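Between the sequences and the hints, there should be enough to build the whole structure, so can you do that?
Read off the chains here:
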Amino acid sequence: MSAQPQSSAERVPVLKVQDLTVHFSDHVGHVFHRTERTLRAVEGISFDLYPGETLGIVGESGSGKSTLARAILALVRPKRGRVLWLGEDLTQLDEESMRQKRKDIQVVFQDPTASLDPRMTAGDIIAEPLRTFFPHMAPLQIEERTRGMMKMVGLLPNQINRYPHEFSGGQCQRISIARSLVLNPKLIICDEPVSALDVSIQAQIVNLLRSLQKKLGLSLIFIAHDLAVVRHISDRVMVMYMGRSMELAERDAIYRKPLHPYTNALIKSVPIPDPDLARAARRENWLTGDMPSPYHPPPGCVFHTRCPYAVNRCHADIPALRRMEHGDWVACHRAEELDLSVRE
Amino acid sequence: MRGLFRFSQVLSTDVAADDPFAAALAQEPIKGRSLWADAWHRVLRNRAAVTSGIVMLVMVMLVIFGPMLSEWSGDYTDWDHTSSPPNLETGHWFGTDAVGRDIFVRTLQGGRISLLVGVVATLVSLVIGVSYGAIAGYYGGTTDRLMMRAVDIIYALPFMFFVILLMVVFGRHILLIFVAIGAVNWLDMARIVRGQTLGLKNTEYVEAARACGVGHWAIIRRHIVPNLIGVVIVYVTLTIPQVILVESFLSFLGLGVQEPMSSWGALVNDGAQDMESAPWTLAFPAAFLTITLYCFNYIGDGLRDALDPKDKS
Amino acid sequence: MGERQSSPIPNPILEVRDLHVSFDTPDGEVEAVSGLDFELRHGETLAIVGESGSGKSQTALAIMGLLAQNGSAKGSAIFGGQDLMQLSQDELNEVRGREISMIFQDPMTSLNPYLTIEKQMVEVVMHHQRLRKEEARAHAVEMLRAVRIADPEERIRDYPHQYSGGMRQRVLIAMGLLCEPQLLIADEPTTALDVTVQAQITHLIAELREKTSMSIIIITHDLAVVADIADCIIVMYAGQMVECGSARDVFYHPQHPYTQGLLKSVPRLDRVDDDALQAIPGNPPNPVSVPKGCRFRDRCAYAMDVCRDEPPLRTAEGGRASRCVLEIDREDNPP
Numbered sequence: 001m002s003a004q005p006q007s008s009a010e011r012v013p014v015l016k017v018q019d020l021t022v023h024f025s026d027h028v029g030h031v032f033h034r035t036e037r038t039l040r041a042v043e044g045i046s047f048d049l050y051p052g053e054t055l056g057i058v059g060e061s062g063s064g065k066s067t068l069a070r071a072i073l074a075l076v077r078p079k080r081g082r083v084l085w086l087g088e089d090l091t092q093l094d095e096e097s098m099r100q101k102r103k104d105i106q107v108v109f110q111d112p113t114a115s116l117d118p119r120m121t122a123g124d125i126i127a128e129p130l131r132t133f134f135p136h137m138a139p140l141q142i143e144e145r146t147r148g149m150m151k152m153v154g155l156l157p158n159q160i161n162r163y164p165h166e167f168s169g170g171q172c173q174r175i176s177i178a179r180s181l182v183l184n185p186k187l188i189i190c191d192e193p194v195s196a197l198d199v200s201i202q203a204q205i206v207n208l209l210r211s212l213q214k215k216l217g218l219s220l221i222f223i224a225h226d227l228a229v230v231r232h233i234s235d236r237v238m239v240m241y242m243g244r245s246m247e248l249a250e251r252d253a254i255y256r257k258p259l260h261p262y263t264n265a266l267i268k269s270v271p272i273p274d275p276d277l278a279r280a281a282r283r284e285n286w287l288t289g290d291m292p293s294p295y296h297p298p299p300g301c302v303f304h305t306r307c308p309y310a311v312n313r314c315h316a317d318i319p320a321l322r323r324m325e326h327g328d329w330v331a332c333h334r335a336e337e338l339d340l341s342v343r344e
Numbered sequence: 001m002r003g004l005f006r007f008s009q010v011l012s013t014d015v016a017a018d019d020p021f022a023a024a025l026a027q028e029p030i031k032g033r034s035l036w037a038d039a040w041h042r043v044l045r046n047r048a049a050v051t052s053g054i055v056m057l058v059m060v061m062l063v064i065f066g067p068m069l070s071e072w073s074g075d076y077t078d079w080d081h082t083s084s085p086p087n088l089e090t091g092h093w094f095g096t097d098a099v100g101r102d103i104f105v106r107t108l109q110g111g112r113i114s115l116l117v118g119v120v121a122t123l124v125s126l127v128i129g130v131s132y133g134a135i136a137g138y139y140g141g142t143t144d145r146l147m148m149r150a151v152d153i154i155y156a157l158p159f160m161f162f163v164i165l166l167m168v169v170f171g172r173h174i175l176l177i178f179v180a181i182g183a184v185n186w187l188d189m190a191r192i193v194r195g196q197t198l199g200l201k202n203t204e205y206v207e208a209a210r211a212c213g214v215g216h217w218a219i220i221r222r223h224i225v226p227n228l229i230g231v232v233i234v235y236v237t238l239t240i241p242q243v244i245l246v247e248s249f250l251s252f253l254g255l256g257v258q259e260p261m262s263s264w265g266a267l268v269n270d271g272a273q274d275m276e277s278a279p280w281t282l283a284f285p286a287a288f289l290t291i292t293l294y295c296f297n298y299i300g301d302g303l304r305d306a307l308d309p310k311d312k313s
Numbered sequence: 001m002g003e004r005q006s007s008p009i010p011n012p013i014l015e016v017r018d019l020h021v022s023f024d025t026p027d028g029e030v031e032a033v034s035g036l037d038f039e040l041r042h043g044e045t046l047a048i049v050g051e052s053g054s055g056k057s058q059t060a061l062a063i064m065g066l067l068a069q070n071g072s073a074k075g076s077a078i079f080g081g082q083d084l085m086q087l088s089q090d091e092l093n094e095v096r097g098r099e100i101s102m103i104f105q106d107p108m109t110s111l112n113p114y115l116t117i118e119k120q121m122v123e124v125v126m127h128h129q130r131l132r133k134e135e136a137r138a139h140a141v142e143m144l145r146a147v148r149i150a151d152p153e154e155r156i157r158d159y160p161h162q163y164s165g166g167m168r169q170r171v172l173i174a175m176g177l178l179c180e181p182q183l184l185i186a187d188e189p190t191t192a193l194d195v196t197v198q199a200q201i202t203h204l205i206a207e208l209r210e211k212t213s214m215s216i217i218i219i220t221h222d223l224a225v226v227a228d229i230a231d232c233i234i235v236m237y238a239g240q241m242v243e244c245g246s247a248r249d250v251f252y253h254p255q256h257p258y259t260q261g262l263l264k265s266v267p268r269l270d271r272v273d274d275d276a277l278q279a280i281p282g283n284p285p286n287p288v289s290v291p292k293g294c295r296f297r298d299r300c301a302y303a304m305d306v307c308r309d310e311p312p313l314r315t316a317e318g319g320r321a322s323r324c325v326l327e328i329d330r331e332d333n334p335p
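Residue numbers (this note's numbering), protein chains in the order written: chain A, 1 to 344; chain B, 1 to 313; chain C, 1 to 335.
There may be inaccurate statements among the hints.
In silico DSS-like pairs for lysine-lysine, Cα to Cα no more than 27 Å straight-line [unchecked claim]:
#, chain 1, residue 1, chain 2, residue 2
1, C, K264, A, K214
2, A, K101, A, K16
3, A, K186, A, K214
4, A, K257, C, K292
5, B, K31, C, K292
6, A, K101, B, K31
7, A, K79, B, K201
8, A, K186, A, K16
9, B, K31, A, K151
The hints are simulated quantities; they were obtained by calculation from the structure and are not laboratory data. What you are looking at is a predicted structure, and each value in this text was computed from that prediction instead of being measured.
As structure tokens, this is what we get:
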């Protein structure tokens, strides 16, 4: 893990996301009766990311975490908000300027085989960013660098001419990671990088990302739907639900004493590989219902329809993300009164 | 470039003396087995496709070199043997037509024209169609809409009317056949390629390429087109017989190639007139034409089965 | 469970002996399952755990006669006095859905998007139970209620895309239960779901266990998910069973190094230990080129020379077995 950060006031964030909002519109109905509807994929997300730090973003499907990643990467246009990278607002850049910035901000996607072009060899895939930004680089140099990257992510360099379908899922993900590292980025956004992998391979990839981060001083945004995986790699964790930020806190704090009922529910949902503990935990399982449609978010706090602690106020007022005593942020009206500490 | 040097420093600390990779590094890179190779092997297992391939190869050899085997030439009129049936002694292996021209040589020379038209016109439609379709599909939005409406409009124009117009204005020239047919066929190719591109541009690897900063043209060139080729190849093998048929139809109508050049269609036209008295004048060109059409269809089917990605097991 | 030296358990509901599943591929004959033996008691829940390529899904497909065209299976699977592997497709059709139900991983693709849930469920019931349409419908509604779908009367008329992922999985479970089968096989029932929904489905399965006498086989790659709901566990690796035993035995005293590795690599929230996850190095072997001797040898921390030979299947009482040279010990083995 990177060294424990000093108080935030002293450090300058490399990435500052402010009130980022992404809406998608489409139409339903037929020619004579069309209504426009809006999908509020991401709603007012704000956070800072410091150098060498890992921010874990956790949310289930429909939470907007993938859309958030794409908005930061400028693969999707936000409706409002700013993405400040080293002080510069990426949302205001034209396409070519943004393209230049992509050297610094890279991405690893979820599906290891789908994110690799099946017609290209591993070597070509990893070298593509090099060829794009350094078109005059000598082929020998390119190959040397590619092999170096392969070694660094734990792939045998003699596999350089193999095709994605000849690798396992974990190895494909390593190729993806190698591709993202080849330009020496400062930030890598990992969008559910281990969700499609077997459990034992997940551990390998998480460890790989950790060691790469330490070695290269990278900042990471690690997106996952599972709080347990995120714990091993994050310095801070943000929990998202229906496009909104529910809680943002230091890692140890959020796991020991979550402040938001949804975070609590996520923690309780992690399967425990211990029959006795699992049975005991089962009796406490109380999150019912399903996530409401993102086209019709509930009024007030979006989580109130499933929250066991909801009161009248929660139906009416949207809770703002506010700062609590230990520097944690939470969007819940009842954050002070609820005690959701994880009891052993 | 400075970043690269910092990187190499990091790299050197990576490989320790007892690095298990050291041994592997000394190895030659393993040759990968591309999807094309996989598909090729699948095609080879399809007997109909392979047989058709061999037949087509023989056909091509015949039309190129066959006429040299015969003592007769295509335009020599042998007045001693007009409308004579196939006869090994006279050297008229396929017989002669009403004016004594050797059918064997005529058929093979006609084959040259037919196959040439098939291949060239298809190539023309390929190049235009793929570029047009890929651009329309990739850029989407208004560009796409405008481009495809243009296709729809051109599609609606009556083909025969257009060809006849060209013939009347420019006369019957073989190049015109290429242009006329190619100008119509690219429309289908464009539509197919556009459809495929729409799907491909939303794949995760294209998104990953965008995230890596790859430019639009490079994406189309490097990611979209290679992944289209499978569909395009199949379509090409099914287009060639179509084109040959169209040309035959034109020739049948008297709008095709001019004498003394001939094509299978023209020969069929001629032969049809003498069908009752000299059936061989129709039979041989028709047989060659039919065999070619069958072969291309089998090859096309075989390729489509082989290239279908769902079949990967 | 597993090969037993003592007398076999009375009346197992399913008895699988020497199951081999192989596929005819362009690369030659590939064996996905190499000699699997197990028994399942009435009312018991068995979890078959393994990673991709372990052969766990193929085991179930072979028993149900649902293998792909290029697959073939050998061995026996005795269910209800019949050997399923010897039955014809027609005979199997009678068994499938009625006595043995199988639900698959991805609820999106398992349901026909063009038919309402009602049509799909009623079709199943009418085929097997020979009920009238109204009775079949009522039965389906009750089943939806049992899997905790709100307003089942209304919602049964919806189409699959109107349901969320978790609800679709419940519908699949409901469809699996329609004919009240003796055995339910669930292939990766929670893998495609979010963590909170996963917990709900696991909860549902746990309820089913308690309230019915149905036997269940759950196939998964995530060991943690079955901690609460499995009575016995079979761990598979590269087509072989490497460990089996009761859930308590496997979780608290894992014997095979692979099982131990799996348990260590699961990220846990209840442990505040070292940050790094302990991963099993390397990758599972390619089914095309399975190594001789112990198949886990290349990744095993304890590998010895003797592991180059086929390791013995060591057994102990209580249906315990481990395919490893190392002895099974009942001492406290730190998992």
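Quick rundown of the hints versus the structure:
| no. | hint | verdict |
| --- | --- | --- |
| 1 | K264(C) - K214(A) | 23 Å, holds |
| 2 | K101(A) - K16(A) | 15 Å, holds |
| 3 | K186(A) - K214(A) | 12 Å, holds |
| 4 | K257(A) - K292(C) | 50 Å, violated |
| 5 | K31(B) - K292(C) | 25 Å, holds |
| 6 | K101(A) - K31(B) | 35 Å, violated |
| 7 | K79(A) - K201(B) | 23 Å, holds |
| 8 | K186(A) - K16(A) | 14 Å, holds |
| 9 | K31(B) - K151(A) | 18 Å, holds |
In this structure, the earlier hints numbered 4 and 6 are contradicted, and the remaining ones agree with it.
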